[in-house]
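Position one of the sequence shown corresponds to residue 1081 (the working numbering), numbered consecutively onward.
Here are the computed distance ranges between Cβ atoms for each label pair:
#: 1; residue 1: 1473; residue 2: 1351; range: 18 to 26 Å
#: 2; residue 1: 1411; residue 2: 1127; range: 26 to 34 Å
#: 3; residue 1: 1530; residue 2: 1188; range: 28 to 36 Å
#: 4; residue 1: 1340; residue 2: 1451; range: 45 to 53 Å
It is worth saying that the hints were derived from the structure and are not from the lab.
For every residue, glycine included, the Cβ atom is placed at its ideal position computed from N, Cα and C.
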Amino acid sequence: MLTIKELKLKLETGQVTSLDLVNEVLSNHEKWIDKNAIASINPQVFDIANHLDEERKNGHLRGPLHGIPIVIKDNILYQDGTITSCNSYAFHDFYPPFSASITKMLEEAGAIILGKANLSEFAYFMSDDHMPSGYGSMHGQVKHPFDEKIDPLGSSTGSAVAVKLGIVPGAIGTETNGSLMAPAYQTQIVSYKPTFGYVSKYGIIPISPTQDTAGPMAQTVYDCAMIMDAIFKEDKLDKDTRHISRSKSFVETLEKDILKGNVGLLKLSNHLYSPEDEEVYQKAKVKLTKLGYQVKELVIEHPKLDNQATLIIEFKHAMNQFLSEVKGYTPHHSLTDIIHFNQMNKERCLKHGQTILESSDQTDGDLNSQTYLELRKDLLNEARVFEDLMKEHDLISIAAPIWMGFAPIYGNPSVCIPEGIYKGVPKAMVFVGRKFDDHRLLKLTHIYQMN
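Could you build the full structure based on these sequences and the hints that come with them?
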């Protein structure tokens, strides 16, 4: 599968139609069906492709993504006639009453949402009992694209695998605690987690109202920027998207802006770096220096960053609120109902338990309680270390050959750039930027990837 940028050119020059692309995608899906990347196919996809081809023929283009097929993660609501399951059998009959805000934005931009990608059940927030990444009771196990002995990690596994296998040129995943970066790292694709609030989370089955965000996954930073331009919009249904400057296109930044400055390379004094990690680190240092950036090497001790105590409170609050918004379209009215349903269907639903759901339900779910507010305050004080370092050393970004929890907790943007397979182990560089400085982060990583 070509990149989104390349497919856009082929569509513009009449070398292919959107219908051709849909047929190719469905053929690729069948070819790799054993990898279980895709949960469902949009039954209207041929009609949509024909309609978009007709619009193109008549000179009407909705945007750069016009006629490009992508998939969205199966925790993002979409009224396409199929269920949105979060890969949970508890939602086997959930036909959403509305589409998520970003789903509508993608359609308005002309993207063809081919279907929904598989994921770890409840976005990997269900059980501490060794539940495999990419597994769920609804659709089963997503498999790593090129080495099934490798853990695909994260929860946006189907989205990442679909891109890596070339089933689709791009996808939407979501991240709460690393679920864009980790599967991108393991499958060797690019992913971009935006600053919290850059993308609407309305209509996405939630974990955390303070961390959840959707983000693009593709082969290149440029393609991620193209997708991001379609979803980088304020949403009146999500208060966290307000009061953010949205005056500049990401693609425009990549194509026109000049970027110079400092980049930090990070080592953790209490983390053992493998020889392969060290090799990737040194190669990145050489490349960044050749590209004209001032590299500052930083060593810090990794704080014991654990946000489980806040997430379980947030999850109960957010899930119960979500269920109230879709009342009548699922028999579940609360997290307690989901837990009970799983217990009643334990052979299918509880192969790996539901300890996280249960511990969450035991909290009061009160985001205004003194206990929660103090936990969240302490957590943010620890997680802001990257933001403080970047300001102290005047850095565009901090990068490392490992991914860490600072960015998703504090809301910083991050980008994963694949570096290859070292002795059978995938390696990548993860770049973290300052909050609300995503344009410079994407510019930096675009230059880094293209050289």
